[in-house]
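S.K.: Protein chains in written order, with my numbering: chain A, -14 to 467; chain B, 43 to 290.
The hints are simulated quantities; they were obtained by calculation from the structure and are not laboratory data.
As the structure is a prediction and not an experimental result, all values here were calculated from the model.
Note that the Cβ used here is the ideal one computed from N, Cα and C, for glycine as well.
Warning: the hint list may mix true and false statements.
[To be verified] Straight-line distance between alpha carbons at most 20 Å, and here's what the computed EDC-like set of lysine to aspartate or glutamate pairs gives: (1) K368/A with D45/A; (2) K368/A with E35/A; (3) K102/B with E140/B; (4) K102/B with E391/A; (5) K368/A with E41/A; (6) K102/B with D113/B; (7) K229/B with D9/A; (8) K229/B with E391/A; (9) K368/A with E217/B; (10) K368/A with D9/A; (11) K368/A with E444/A; (12) K102/B with D138/B; (13) K229/B with E444/A; (14) K229/B with E217/B; (15) K368/A with D49/A.
[What the hints assert, rightly or not] If you want a taste of the chain B side facing chain A, the calculated C-beta under 10 Å gives, among others: (16) Y60; (17) A62; (18) G64; (19) Q84; (20) A91; (21) G95; (22) L101; (23) C186; (24) R209; (25) E212; (26) R215; (27) G221; (28) L230; (29) E232; (30) G266.
[Claimed, not checked] Coverage of chain A stretches by chain B, computed from C-beta distances (three or more under 8 Å per stretch; other residues unrestricted): (31) 118 to 125; (32) 233 to 245; (33) 274 to 288; (34) 292 to 305.
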Amino acid sequence: MTGASERELGPGRLVIEPPRRGPDPAVTPNLHRAAGNWATHRADARRRVEWEQWRERARDIRSDAVRNLPELLEMLEARVIAAGGQVHHARNAEQACADVVRICRDAGATRAVKGKSMTGEEIGLGPALALAGIDAVETDLGEYIVQAIGDRPSHIVAPAVHLSAAQVADLFTRESGRRFDPDDTAALVEYARGVLRARFLAADVGITGINLAVAETGTLAIVESEGNIRLTTSLPRVHIAVMGIEKVIRDWSGAAHLLQMLPLAAHGTPAAASTSFITGPARDGDDGPEEVHLVLLDGGRSAIRGTPFEEALHCIRCGACLYACPVYRQVGGHGYGSTYSGPIGAVITPLLARDGDAAELRGSSLPGLSTLCGACVEACPVKIPLDDQLVMLRHLTHQRDPARAEAALFAAWARLWSRPASYRATAATAGRALRPLWSALARDGWQRRAPFPFSGWTEGRDARAPDPEPFHLRWRRVRGGG
Amino acid sequence: MPARRVQLFVTCLVDLLYPAVGERTVALLERLGCEVGFPGSQTCCGQPALSSGYPDEALKVADRFLDAFADTEGPIVAPFGSCVHMVRHHYPRLYDGERAAIAARLAARTYELPSFIVGELGRQTVGGRYPGPGLTAVAYHHECHMRYGLGVTDAPMSLLRGVTGCRIVEPARGELCCGFGGTFSLKLGEISVAMADEKLDTALEAGAQAIVSTDVGCLMHLEGRARRRGLQLRVHHLVDLLEPDGAL
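Given only the sequences and the hints, what does the whole structure look like? Please build it.
M.R.: Listed below in structure tokens is the structure:
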């Protein structure tokens, strides 16, 4: 496989490693349980609403946003500033991290609390803050666990989905010296709450992502289920929100729809447990931060607009395509080796990694990590044609490396099978001329070993031997002609 | 009533590996009053190349489909949903200009066997018998390109319900892909096999004695794995069950 051989950690880099080539038995039981729950909830969700019409509307809202991005970003910026907030433009991950660090330093901050943010993961914000000497703790329970273990999130919405309760109990036991019972989830949550509460009170800065930004009022919307976002955005003196530029939408009508669609797609519930709407810093006498900063990250997004991949920017990061994906189910989020995993990760990672440089498509073996079954497309609340995009990306990533053996194989195949005579000749060769070779291996028309390029098949499966009399010969024998 | 003219698009995997499926498809269509033509210059739809990221090579092979069927008459019927998805979904996007118009006309004429029988011939069932004593428990595996790509699930189930000698069982998580995925099955064999195992295990847990589908790719993947594991699980194409005398 090409392109994905670098591991690049630290500020300003998408994490890209070669994806797994096999299933990960350490995580599959946890994933299968979570995906099963998701499937049940999704079935409920589809009974609650006119799902197909809701998807159409969600897609229209997102496509309006992406198509009119410059206009909406300008509107958003003006309204955020009018509400007393400050806006920072980051062309790439390095600049976004530098912006956040600078804002922290200007505020004299040494301690930060963080809300769960995939954009933060994307830009390597955690390592960047650590490097700058800012003590930042994750406050989403799943992220807290992942951070404490020194791990990375493995799902867009459920970062610790690959871990079991027993692993969490072990971690908390090690951390606290108290014994935790994996079945007593209430005690686990209570412990984390206690640890985190002290951190909230001590923090100078709260750093979050956002779920969407409403251009018409300059309002940032963040959904959550734990209450940590509310604390992160209201207790510290300074709130910094980092958003990918594509997350802006035009108006509140769209926001109202997407804020229902997101939890429906993610969990099958029509509303998040809690949603924070932030329009600038606290007004006189109100509770809340003195400063609100919005960091607008491009990070390769602008370069996707106007290409056949534009719809990938419609993603609202619900994680539904991950749970629906039969490959994610086997390898888990870490199996992709990239910040964003699952079908959407396999699409946007190579697109974002080129960071505006169309000549470069790194992370290029990721589009292969799919059977193209289409379950992701069916699950997607904004109808991104992920399967078609994966097919197109497979082509683009191959184009980067025309010397590979596979290309030669397909070229030869196309020459042979684009002419009926040579197609039939290959059939005759496979079915009859090689028969003596295969009959030694075959039983009932099945064999335990197959020649290149099919040898990979027989590592785990018997192979069906080509029939000595293919259909086209049978037809000719019985009906003549042809 | 004059016989309805249809063209058989046999598909390369059926042609080369499962020719009996092609023969049974012809026999069934004729039993239902169709006059079946077989354009002899057809080869493959080109999907293996397209899915692997080689659209130019796919087009060279897809051209043969266009040439083979463009001047024929009547619906084009295939016993393999995935290849129909290639023609219906991908051809109109792959081509441009004059060829795109031809591709679009062919796409509109191309059906997988169950939808053609139920939707076009108006037959909810066509009989058929699963041979052997008692009722064999069968699990139907919806091929993904038919379920998700073409949105077809009812037609094959309708035909399966008309088969005597079997009862239908519903394995858990039946909507999951079996892991075939064309060249995926060769490139990422371990993941592919793990997916087959989940499919086979859930079928066995549901009490299935046989798995039935319309995708011979899924079938050879599942049967190949079942054989390697020594499982007591038979695998059939749907058309195998639709023979009037249980000739399986």
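S.K.: Work down the list of hints and note, for each, if the structure agrees.
M.R.: For each hint, the structure was consulted:
Distance check on the hinted pair: K368/A and D45/A sit about 10 Å apart at the alpha-carbon level, within 20 Å; holds. Our distance criterion of 20 Å between C-alpha atoms is met by K368/A and E35/A, whose separation comes to about 15 Å. For the hint linking K102/B to E140/B, the alpha-carbon distance of about 16 Å falls within 20 Å, and the restraint holds. Straight-line distance between C-alpha atoms of K102/B and E391/A comes to about 17 Å, which keeps the hinted pair within the 20 Å bound.
Annotation: proposed proximity of K368/A to E41/A holds, straight-line Cα distance about 8 Å (limit 20 Å). Taken as a hint, the K102/B and D113/B pair is honoured in the structure, with Cα atoms around 19 Å apart against an allowance of 20 Å. The straight-line distance between the Cα atoms of K229/B and D9/A is roughly 17 Å, inside the 20 Å bound, and the hint therefore holds. For a cut-off of 20 Å, the pair hint linking K229/B to E391/A stands: about 11 Å separates their Cα positions.
For a cut-off of 20 Å, the pair hint linking K368/A to E217/B stands: about 19 Å separates their Cα positions. Using a Cα cut-off of 20 Å, the hinted pair K368/A and D9/A is violated, with the two alpha carbons roughly 29 Å apart. At most 20 Å may separate the alpha-carbon atoms for a hinted pair to count; K368/A and E444/A exceed this at roughly 37 Å. For the hint linking K102/B to D138/B, the alpha-carbon distance of about 14 Å falls within 20 Å, and the restraint holds.
Restraint check for K229/B and E444/A: satisfied, since their Cα atoms lie roughly 11 Å apart, inside the 20 Å limit. Between the alpha carbons of K229/B and E217/B the distance comes to roughly 23 Å, so the proposed pair goes past 20 Å and is violated. Restraint check for K368/A and D49/A: the C-alpha separation of about 14 Å stays at or below 20 Å, so the hint holds. Interface hint status for Y60/B: upheld, as the beta-carbon distance to the closest one in chain A is roughly 8 Å, under 10 Å.
Hint on A62/B holds. Least Cβ distance to chain A is approximately 8 Å, under the 10 Å limit. Annotation: interface hint on G64/B holds; nearest CB of chain A at approximately 4 Å, less than 10 Å. At its closest, the beta carbon of Q84/B sits 8 Å from a beta carbon of chain A; the interface hint therefore holds under the 10 Å criterion. Here the hint on A91/B is kept, as its CB sits about 5 Å from the closest CB of chain A, short of 10 Å.
Using the Cβ-Cβ criterion of 10 Å, the hint placing G95/B at the interface with chain A is satisfied: the shortest such distance is roughly 3 Å. Below 10 Å, beta-carbon pairs count as interface contacts, and L101/B has one with chain A at about 8 Å; its hint therefore holds. Checking C186/B against chain A by beta carbon gives a least distance of about 4 Å; that is within 10 Å, so the hint holds. The beta carbon of R209/B is not positioned within 10 Å of any beta carbon in chain A (closest approach about 25 Å), and the interface hint is therefore violated.
Using the Cβ-Cβ criterion of 10 Å, the hint placing E212/B at the interface with chain A is not satisfied: the shortest such distance is roughly 14 Å. At its closest, the beta carbon of R215/B sits 7 Å from a beta carbon of chain A; the interface hint therefore holds under the 10 Å criterion. At its closest, the beta carbon of G221/B sits 6 Å from a beta carbon of chain A; the interface hint therefore holds under the 10 Å criterion. Annotation: interface hint on L230/B holds; nearest CB of chain A at approximately 6 Å, less than 10 Å.
Below 10 Å, beta-carbon pairs count as interface contacts, and E232/B has one with chain A at about 4 Å; its hint therefore holds. With 10 Å as the threshold, the beta carbon of G266/B comes within range of chain A, its nearest partner Cβ sitting at about 3 Å, so the hint holds. Evaluation of the coverage hint for the stretch 118 to 125 of chain A: breached, as 0 residues show C-beta separations to chain B shorter than 8 Å, against a requirement of three. Using a Cβ-Cβ cut-off of 8 Å, 0 residues of the stretch 233 to 245 of chain A lie near chain B, which falls short of the minimum of three, so the contact claim is violated.
For the stretch 274 to 288 of chain A, the stated coverage by chain B is violated: 0 residues have a C-beta nearer than 8 Å to a C-beta of that chain, whereas at least 3 were required. Figure legend: the stretch 292 to 305 of chain A, annotated as covered by chain B; annotation inconsistent (0 residues with Cβ-Cβ distances under 8 Å, at least 3 required).
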